[in-house]
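There are 10 protein chains.
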Amino acid sequence: MVCADKITEELLKAKEEKGLTYEEIAEKLGRGKVWVAALFYRQATASEEEAKKLGEILGVGEEIVKELTKPPYRGRLIEDIPRDPVIYRFYEVLQVYGLPLKAIINEMFGDGIMSAIDFKIDVEKVEKPEGARVVITLDGKFLPYKKW
Amino acid sequence: MVCADKITEELLKAKEEKGLTYEEIAEKLGRGKVWVAALFYRQATASEEEAKKLGEILGVGEEIVKELTKPPYRGRLIEDIPRDPVIYRFYEVLQVYGLPLKAIINEMFGDGIMSAIDFKIDVEKVEKPEGARVVITLDGKFLPYKKW
Amino acid sequence: MVCADKITEELLKAKEEKGLTYEEIAEKLGRGKVWVAALFYRQATASEEEAKKLGEILGVGEEIVKELTKPPYRGRLIEDIPRDPVIYRFYEVLQVYGLPLKAIINEMFGDGIMSAIDFKIDVEKVEKPEGARVVITLDGKFLPYKKW
Amino acid sequence: MVCADKITEELLKAKEEKGLTYEEIAEKLGRGKVWVAALFYRQATASEEEAKKLGEILGVGEEIVKELTKPPYRGRLIEDIPRDPVIYRFYEVLQVYGLPLKAIINEMFGDGIMSAIDFKIDVEKVEKPEGARVVITLDGKFLPYKKW
Amino acid sequence: MVCADKITEELLKAKEEKGLTYEEIAEKLGRGKVWVAALFYRQATASEEEAKKLGEILGVGEEIVKELTKPPYRGRLIEDIPRDPVIYRFYEVLQVYGLPLKAIINEMFGDGIMSAIDFKIDVEKVEKPEGARVVITLDGKFLPYKKW
Amino acid sequence: MVCADKITEELLKAKEEKGLTYEEIAEKLGRGKVWVAALFYRQATASEEEAKKLGEILGVGEEIVKELTKPPYRGRLIEDIPRDPVIYRFYEVLQVYGLPLKAIINEMFGDGIMSAIDFKIDVEKVEKPEGARVVITLDGKFLPYKKW
Amino acid sequence: MVCADKITEELLKAKEEKGLTYEEIAEKLGRGKVWVAALFYRQATASEEEAKKLGEILGVGEEIVKELTKPPYRGRLIEDIPRDPVIYRFYEVLQVYGLPLKAIINEMFGDGIMSAIDFKIDVEKVEKPEGARVVITLDGKFLPYKKW
Amino acid sequence: MVCADKITEELLKAKEEKGLTYEEIAEKLGRGKVWVAALFYRQATASEEEAKKLGEILGVGEEIVKELTKPPYRGRLIEDIPRDPVIYRFYEVLQVYGLPLKAIINEMFGDGIMSAIDFKIDVEKVEKPEGARVVITLDGKFLPYKKW
Amino acid sequence: MVCADKITEELLKAKEEKGLTYEEIAEKLGRGKVWVAALFYRQATASEEEAKKLGEILGVGEEIVKELTKPPYRGRLIEDIPRDPVIYRFYEVLQVYGLPLKAIINEMFGDGIMSAIDFKIDVEKVEKPEGARVVITLDGKFLPYKKW
Amino acid sequence: MVCADKITEELLKAKEEKGLTYEEIAEKLGRGKVWVAALFYRQATASEEEAKKLGEILGVGEEIVKELTKPPYRGRLIEDIPRDPVIYRFYEVLQVYGLPLKAIINEMFGDGIMSAIDFKIDVEKVEKPEGARVVITLDGKFLPYKKW
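Same order as they appear, the protein sequences are chains A, B, C, D, E, F, G, H, I and J. When you line the first sequence up against the numbering used here, it's residues 1 to 148, in that order. When you line the second sequence up against the numbering used here, it's residues 1 to 148, in that order. When you line the third sequence up against the numbering used here, it's residues 1 to 148, in that order. When you line the fourth sequence up against the numbering used here, it's residues 1 to 148, in that order. When you line the fifth sequence up against the numbering used here, it's residues 1 to 148, in that order. When you line the sixth sequence up against the numbering used here, it's residues 1 to 148, in that order. When you line the seventh sequence up against the numbering used here, it's residues 1 to 148, in that order. When you line the eighth sequence up against the numbering used here, it's residues 1 to 148, in that order. When you line the ninth sequence up against the numbering used here, it's residues 1 to 148, in that order. When you line the tenth sequence up against the numbering used here, it's residues 1 to 148, in that order.
Simulated from the structure, these hints should not be mistaken for laboratory data. A hint or two may mislead.
Simulated coverage check for chain F against chain E, where a stretch passes if three residues somewhere in it have a Cβ under 8 Å from a Cβ of chain E [as the list claims (entries may be wrong)]:
1) 34-42
2) 66-78
3) 85-91
4) 96-105
5) 115-127
6) 132-143
Computed from a prediction, not measured in an experiment: that's the story for all the values here. Glycine is no exception: its CB is placed at the ideal position from the N, C-alpha and C atoms.
Looking at chain A on its own, in the form it has when it is part of the complex:
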């Protein structure tokens, strides 16, 4: 039993000392880089094998390794409306494009939702003459509302 914040702190410290990026760790683990970062923040669960491998890569103790295999209590931002500008922009997108996205999804797929569980997310850097662009891809299964 180690609390989530403690685990994140230990993992980040080890990552810093090893001088590794999420990308590099992701490659070693054979997983996506956002998923790996999510693991660091206790928002994802590793298999025993993955946890063990990560433990070896970072040189962290067994207790931490074990914790990473347990389903975490997810979703622990400090505020309802996030204030850090990086994270707030996603809230802004939700506020500005939430209703349009719903309209489009319902029109294209019918009544249902994009799963946030059977879901993956990735970030790419696209260099353009006028500056780099952050391209984020959300990819979730469509779940139609079931009738009964």
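Add chains B, C, D, E, F, G, H, I and J to chain A, keeping to what the hints say.
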């Protein structure tokens, strides 16, 4: 001066009567389908030409057309934490993957944010054997923090 | 375009005038009674056929019938924490048994959730010597967290 | 006097070390598995005998055993609207099906509520070809509003 | 279908025109005066007979009479923390004496609650030399937590 | 200077070790049992004599005794809307019967409030064939609004 | 039955047309000017005589006059934390000087409060060389906590 | 660097040990008693001389003395709406008399506010046959809205 | 008596029909352009002369003109945390630079605040090779905390 | 890994011991004084060189120096609506002038926002006969809404 809800209602009614999808309207306008839906919900601003063209496509009056060219008061979901399941899933993504995304963006791009202004968003339907997937692409300029 | 509250009001009035229960309507439609009530409150979407049939059963106009086939904006209780005692008790269950349920679900199924989309719900009345009992069954597909 | 979080932590640690599931502990105690998990999270009260027995099963100290027999301060999720996806789905059910459930209960039982005190809850796993289903049964006494 | 606020308004107006007090109406109905006031504010449900009788006493129309027999959506104060000083004092009592009351109830009755459903409430005026006193009696069935 | 939570903890521990109920302590002090519980939770202030006597009854140190004579910062429930079911029921009573109570008090006493300061509260257990009842009496001075 | 906002609007309009200040009306009524303003905003109750006299002064109809004699639902600012700068400053005073004031009152008077019911409030203008000063006097009865 | 709560605690302890009232300290310092209490709660800033003098009066260390000369982060009540009954009454005054006070101030002084910075506050005890009264005087400079 | 939203709507409509910018109106009035916009949104008060002149410029009725001379209820954004991206950025500046600004102001000016009443604000457009910049100047009197 | 509050505390303590102002440090670093204060509060990120230089100026350890080069979690005021009067005034400006500023910016620049990232802020002291004025300049790039 026509209030935003009124405009949305009129546009949706006209779209329904004409039997058009956002995709079809987007094609006629030469714009992205999410942008068009955003225009319907008064979250985007049309040029005079675009507004006029949309007016012709849908057969709505001049007053509505004119309103679409004015910068709107954006971001008017009913609740701080959206409750409609389609829109909530984006909030869940933000809660679960917000910190990991920030960590990845800062690692890949340095200290700065993904713009939500110099920004575009698209939705695609990807058919898979186990069911359709909703693939959403957020594409925003990286803005590095300026020092002074 | 008829607003959700208006539709609910019309449906309830018609139901009252016809002297029908949800159970009776559900039987005529071949659907579950909670699903039918959800349709009345614009929390479910009917097929065109179902909407038409309901229109005939209740004798409501075509505009209403048409609206019932469109995906609604779901989840419109008046308060974040519901105050009506019937509905509050579900919030109390969530507050008291939320963490235990999560622990049990994670233990029995692994890391994932009970879907609220591929989901059905029913209410039964069980007569006991010491008084009737309300038995509610929630039945949702288990969705395991996807890794990538 | 040991604080609730401390007790939960100790119990979970002991359970982990003993390698026991809630189901197994429940069987040994002759109680339902959700009730046992609720006891772990200090949302239920054990009789002295039950507490003692649990103490023996898990090998925890007397102080902990004693605390389990005292009525706890119930209902301590971190947020008003829970963010962990497993628990949020119950909030979503409440938001989407709260009014329909109230309508059904009032129609079937008259003016009153489902008790959350004279109440039990269980979770079953139902294997289906398309995947496992979580089936949760809420079973509470109907309490009619008393007049005076 | 008449909305709750409308009904309250009509009943209060009729009561005022007839020059009746809640006490007088309560006596005619054979019910407690707080229950009658609760009926006026749509927080209680009348039997058909009671509603009819009240209709005759106040001279209100049949539609109103009918509405009074339907289970209402209860609990609609304007604010989470009530601001009217009369009502706020009950919130203050809850804030100041909530934990002590819980301690006393648990000590006297064991683990359980005072029902707010199988419940009655009355107000008396007690004249004292130093001024009148408001004496309110809450009388609810004790409901012990059920184990399973 | 000892913080309120610390004092409560010490007092509760001592009470537990002495095996005393609030009722027994109240009798020894010549005070009401809810007032004594309020003192334990630092919601009331003892005279020096009362504090000393309580100190002797429970065998707690002088520092604690001294603190009990200072006016406390009152009203420290964890949440705006209390979630523990015992305490929540009082909030529910306030939500459901708040407006009716105000109407009755204003009708019986005129424009003013029930004091929560010149106020006492008691709990009795009334055994009935169908089970025990919790009877709580709030008794506060009526304070008429002063004009000037 | 006329709603509070309507009454305020009517009274303010009449006052404006008559070209009267609160001070002038207060003098005619033999009441304090803040009390009169409170009456306009439905935060105070007039006697029948006072209401009638005010009706004559302002020339408003009988229905309004009658409403002023009924105890109002008090305390209806739009926000929890008021945003109008004039009113916010009182909130700021409460935030900055609330604890110091409590300490001073408890030290000077013992454990108890300043009544906001047996209470009066006045505003004076004091001309000083460096500009006018607003001097507000709150004058409330001290209510000691009652023991029982 | 000593945190605000720590300083307050130290000052209150020293004051208690010396057996001094705010009034007595205020006299020694040549300052108002509420200002002195505000200094104790880190809501005011002392000059070096004042801080030193207070240090001598109370016998507290140099570090504390130094902190008292730094502008504090003001306004740290625990809740948005204060729950302690002494402090809540000021909030109630604001809710009930906020709009009337604004109306009076604007009528007497024009468009502007009472400053909470160029501001002083005092409390007096006025003995009356029917009991003591708390008289609080707020005295702030009127600041007219500047145009530009 | 015309409500604030109504006035804003009328003024904006008239401004649009006349084809005038805030800058042009400001020049005609001899006032700053932000002040003029503030007047449109009922956040500032005009002298009779200014109101009359604005009435002539825009051709609006006398009732509107008169309202503009009355101190308004200021500060009526729809949300506590504004969601429109233009306005949100000011909230973000406050969140990110609030503490640093306080530190700088206290260091440069001593303990006190920048007045928001004896205050003016202006916006300029500065063209730069890499794009236009918005330069906003806040200019408020420093108000030192008064001691007493 | 040092937590943000810890870093701020250390930096402020060192600054105090060295007797340096933000202005002096800013000059040594060749940066603006608000930016430097922002760095102290972990709202800005230094280059390695800048961090090292600051470390030398203040004599703080290497761990702190290193932390200053990492992108921070920004925006951590204690409250949604800040209560410290210095910081609140910015919120008041936002509430009072937010809509007017948006109107002016949209009129002068078209549909878009002032960046809070490509942004700088400065404070100047302007001495006037009637007292010092705080002049704050916000200077952010205009970002037009991109269409797609």
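Do the hints match the structure? See the list:
1. 34-42: holds (count 5)
2. 66-78: holds (count 4)
3. 85-91: This one holds; 6 residues, not fewer than the three required, reach chain E with a Cβ under 8 Å.
4. 96-105: Contact hint for the region 96-105 of chain F vs chain E: holds, 10 residues under 8 Å.
5. 115-127: Coverage by chain E holds here, the residue count being 7 at a Cβ distance below 8 Å.
6. 132-143: holds (count 11)
The structure agrees with every numbered hint stated previously.
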